[in-house]
Amino acid sequence: MSKSNLTNNIRKLRFENDQITQQQLADKTGVTRQTIIAIEAGKYAPSLPLAFKIARNFGVPIETVFQYEAEDS
Amino acid sequence: MNKVQRETWIALLLVVPVWAIFGQLPVLLIYLEGPSFLHLFAFACATIIGGLSWMLLLFFNRKWKRKAKIEFDERDKLTLIRSTLAGYIMLWIYFIAACIYVWLTASPDRSISVNLMPIVIVEGIAVFIFVQSVTTLIQYGRVGKNVEK
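Taken in sequence, the protein lines are chains A and B. Residues in the first sequence are numbered from 3 upward in steps of one, following my numbering. Residues in the second sequence are numbered from 55 upward in steps of one, following my numbering.
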């Protein structure tokens, strides 16, 4: 059985991009602030369109923002 | 707290009690005192008020309208789909349990009270809204961690 892990660098990227707030990122990507908080905390895996939106907002490839690791247990 | 959470708290604290309590009072009165126009009218009013209690959500949403540009997104949609499914499953289990209860408690001549039907239906609605609300709130979890002030 495989267990998947999705990690992200959103917090780091926010601070590297003029220290934009969670609310600003939420407004730019068309979601609520709670969703950005949940994604940052790794509690919610965003849809592919939202993941692309977030990556494009930072001007980086999607792999820079999200990392997927599959662990076999 | 976002729009969905606000609506869920209102449903849990206001809509569920309206259905569960006020929907049953007329049935209890009919059971104790026998059917009369006044009791049946009260039951009709209670169910209409219960059905219209969703209007409270519109009222509170207007009152607590925030400046946030986006109030509903894909995560809220997913949360509502899951909680509605949980509510539906629980409603189904409730109806099965109600049927078993009726079969087991039916009188020797296999007849049941006519008061059971409105009780089962109205409480079923209350069960559905209660489970949907609780599972919605559980999915959102505690707000506070990773929040920037």
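There could be a bad hint or two in this list.
[What the hints assert, rightly or not] Calculated cross-link-like contacts (lysine-lysine; reagent style DSS-like; alpha-carbon spacing at most 30 Å):
1. A:45 to A:14
2. B:131 to A:14
3. B:123 to B:57
4. B:117 to A:14
5. A:14 to A:30
6. A:30 to B:117
7. A:30 to A:45
8. B:117 to B:57
9. A:14 to A:55
10. B:131 to A:55
11. A:55 to B:57
12. B:131 to A:30
13. A:55 to B:123
14. B:57 to A:30
15. B:131 to B:117
16. A:45 to B:57
17. A:45 to A:55
18. A:14 to B:123
19. B:131 to B:57
20. A:30 to B:123
21. A:45 to B:123
22. A:55 to A:30
23. A:45 to B:131
Worth flagging that the hints you see were computed from the coordinates, not collected in a lab.
Here is how each hint holds up against the structure:
1. A:45 to A:14: holds, 17 Å
2. B:131 to A:14: holds, 28 Å
3. B:123 to B:57: holds, 12 Å
4. B:117 to A:14: violated, 37 Å
5. A:14 to A:30: Holds, at about 17 Å.
6. A:30 to B:117: holds, 26 Å
7. A:30 to A:45: holds, 21 Å
8. B:117 to B:57: Holds: residue 117 (chain B) and residue 57 (chain B) sit about 12 Å apart, inside 30 Å.
9. A:14 to A:55: Measuring from Cα to Cα gives roughly 17 Å; hence the hint holds.
10. B:131 to A:55: holds, 18 Å
11. A:55 to B:57: The hint holds at about 23 Å.
12. B:131 to A:30: Given pair residue 131 (chain B), residue 30 (chain A) holds - Cα atoms ~19 Å apart, limit 30 Å.
13. A:55 to B:123: Distance of about 17 Å is within 30 Å: holds.
14. B:57 to A:30: It holds: about 19 Å lies between the C-alpha atoms, which stays within 30 Å.
15. B:131 to B:117: holds, 23 Å
16. A:45 to B:57: Distance of about 19 Å is within 30 Å: holds.
17. A:45 to A:55: holds, 19 Å
18. A:14 to B:123: Within the cut-off at roughly 24 Å; holds.
19. B:131 to B:57: holds, 12 Å
20. A:30 to B:123: Since the Cα atoms of residue 30 (chain A) and residue 123 (chain B) sit roughly 10 Å apart, the hinted pair holds (cutoff 30 Å).
21. A:45 to B:123: With a Cα-Cα distance of about 23 Å, the restraint between residue 45 (chain A) and residue 123 (chain B) holds, given a limit of 30 Å.
22. A:55 to A:30: holds, 9 Å
23. A:45 to B:131: holds, 16 Å
Checked against the numbered hints given earlier, the structure breaks only hint 4 and satisfies all the rest.
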